[in-house]
Amino acid sequence: AAGVIQSPRHLIKEKRETATLKCYPIPRHDTVYWYQQGPGQDPQFLISFYEKMQSDKGSIPDRFSAQQFSDYHSELNMSSLELGDSALYFCASSLVRGGSPLHFGNGTRLTVT
Amino acid sequence: KQEVTQIPAALSVPEGENLVLNCSFTDSAIYNLQWFRQDPGKGLTSLLLIQSSQREQTSGRLNASLDKSSGRSTLYIAASQPGDSATYLCAVRRSSNSGYALNFGKGTSLLVTP
Chain P
44 AAGVIQSPRH LIKEKRETAT LKCYPIPRHD TVYWYQQGPG QDPQFLISFY EKMQSDKGSI
104 PDRFSAQQFS DYHSELNMSS LELGDSALYF CASSLVRGGS PLHFGNGTRL TVT
Chain F
6 KQEVTQIPAA LSVPEGENLV LNCSFTDSAI YNLQWFRQDP GKGLTSLLLI QSSQREQTSG
66 RLNASLDKSS GRSTLYIAAS QPGDSATYLC AVRRSSNSGY ALNFGKGTSL LVTP
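These protein sequence lines map, in sequence, to chains P and F.
The first sequence begins at 44 in the numbering used here and counts up by one.
The second sequence begins at 6 in the numbering used here and counts up by one.
The hints are simulated quantities; they were obtained by calculation from the structure and are not laboratory data.
Heads up, a few of these hints could be off.
List time: in silico DSS-like cross-link candidates among lysine-lysine, alpha-carbon distance up to 30 Å [said to hold, decoys possible]:
| id | chain 1 | residue 1 | chain 2 | residue 2 |
| --- | --- | --- | --- | --- |
| 1 | P | Lys-56 | F | Lys-111 |
| 2 | F | Lys-47 | P | Lys-100 |
| 3 | F | Lys-111 | P | Lys-100 |
| 4 | F | Lys-73 | P | Lys-58 |
| 5 | F | Lys-6 | P | Lys-95 |
| 6 | P | Lys-65 | P | Lys-100 |
| 7 | P | Lys-56 | F | Lys-6 |
| 8 | F | Lys-73 | F | Lys-111 |
| 9 | P | Lys-56 | P | Lys-95 |
| 10 | P | Lys-56 | P | Lys-100 |
| 11 | P | Lys-58 | P | Lys-100 |
| 12 | P | Lys-65 | F | Lys-73 |
| 13 | F | Lys-73 | P | Lys-100 |
| 14 | F | Lys-6 | F | Lys-111 |
| 15 | F | Lys-73 | P | Lys-56 |
| 16 | F | Lys-47 | F | Lys-111 |
| 17 | F | Lys-6 | F | Lys-73 |
| 18 | F | Lys-6 | P | Lys-100 |
| 19 | P | Lys-58 | F | Lys-111 |
| 20 | P | Lys-56 | F | Lys-47 |
| 21 | F | Lys-6 | F | Lys-47 |
| 22 | P | Lys-95 | P | Lys-65 |
Using the sequences provided together with the hints, build the complete structure.
Written out as structure tokens, the structure reads:
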């Protein structure tokens, strides 16, 4: 079965650079979520989109922005990168039905040097 | 703010034992609860989803229960195997509206020794 696809798998950036992470949800899933997981930490919710509109917002820094496109893929844009942004970034998708489970991608590991 | 707590933080058991992982949450007004498995440096694999109206869900050697009124869930793993070694995360969803995300606990790190 198709899963959530994230790219790239690994990304190395320097401080103050920008990064763009991409997420392709499971086909027919209309909701996308972004999570950040620091070393040894639980995943922290950043932001979500339903039908290309922002639907919920968590602890996303102002330096980050995200959007969902017409084909339902989503991009997380990160600017003025800081060392503390080094983490595993997960995307998840689900169906519009509130009770449906979230399915996660394998994540993008971002390292800021 | 919903707080999700998992106990124990780490657990080591010999192969073949049955074990229970615990999850508690402070706000009982949840929509559903999902258990995940995470291998080191890897993604999150969904194990079981329990809706707020359900008491338990089973999949193979896994059984998850939910007591919404007391804010507790347990994940029971029968006849544990070394391949079960991973971090197990509990997450609750607060709303039925699409886009409302999960709140995670910090996980239980499980090691099953041969």
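Q.
Please verify whether P/Lys-95 and P/Lys-65 have alpha carbons no more than 30 Å apart.
A. holds (15 Å)
Q. Within 30 Å, alpha carbon to alpha carbon, are P/Lys-65 and F/Lys-73?
A. Outside the cut-off at roughly 36 Å; violated.
**Q.** Distance restraint between P/Lys-56 and F/Lys-6, which requires alpha-carbon spacing of 30 Å or less
**A.** With Cα atoms ~34 Å apart, P/Lys-56 and F/Lys-6 exceed 30 Å; violated.
Q: Could you grab the alpha-carbon distance between P/Lys-56 and F/Lys-111 and see if it respects the 30 Å cut-off?
A: holds (28 Å)
Q: Decide if the proposed pair is consistent with the structure: F/Lys-47 and P/Lys-100, CA atoms, cutoff 30 Å inclusive.
A: Holds: F/Lys-47 and P/Lys-100 sit about 24 Å apart, inside 30 Å.
(Q) Against the 30 Å threshold, does the CA-CA distance of F/Lys-6 and F/Lys-47 hold or violate the hint? (A) holds (28 Å)
Q) Between P/Lys-56 and P/Lys-100, does the CA-CA distance stay at or below 30 Å? A) holds (25 Å)
(Q) Check whether the Cα positions of P/Lys-65 and P/Lys-100 lie no farther apart than 30 Å. (A) Holds: P/Lys-65 and P/Lys-100 sit about 18 Å apart, inside 30 Å.
Q.
Check whether the Cα positions of F/Lys-6 and P/Lys-100 lie no farther apart than 30 Å.
A. Within the cut-off at roughly 14 Å; holds.
Q.
Between the alpha carbons of F/Lys-73 and P/Lys-58, is the straight-line distance 30 Å or under?
A. violated (45 Å)
Q: With a cut-off of 30 Å on the C-alpha distance, tell me whether P/Lys-56 and F/Lys-47 pass.
A: holds (21 Å)
**Q.** 30 Å Cα cutoff - pair P/Lys-56, P/Lys-95
**A.** holds (28 Å)
Hint compliance for this structure: hints 4, 7, 12, 15 are broken, all remaining hints hold.
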